[in-house]
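Asker: Take these sequences, add in the hints, and give me the full structure.
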Amino acid sequence: MAPDVQVNPDPAGYCRFDGIGNHAGGTMASSGQASTAAGGGAVYGLGLIGALVWNFQQADSFLGYVGGFLESLVWPAFLVWELFKVTAS
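FYI, this note's numbering numbers position 86 of the sequence shown as 113, with every residue one higher than the one before it.
By construction, these hints were calculated from the structure, which means they are not laboratory data.
The C-beta atom is built at its ideal place from N, Cα and C for all residues, glycine as well.
Listed next, with one range per pair, are the computed distances between beta-carbon atoms:
1) 111 to 88: 28 to 34 Å
2) 69 to 101: 14 to 20 Å
3) 71 to 93: 16 to 22 Å
4) 69 to 96: 17 to 23 Å
5) 114 to 88: 32 to 38 Å
6) 83 to 103: 14 to 20 Å
Answerer: Spelled out as structure tokens, the structure:
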């Protein structure tokens, strides 16, 4: 440990390091938003796999596979666009 850094015990059981560029916080995940983001990522990942399978089955050329891959990445935008068109009429 560097001589200019002092370790101060925290009442909650965590150590706080004082000094330039050293950690001075408590818990890392204090908000519950990390698990929500992970759930959304899992749903998007499953949708991506399903879209890849669907688009690759529809492709009949190399450009069809490239277009299917690109469309699979942005399929939520197509879904929202179609929902906007349905709700606008």
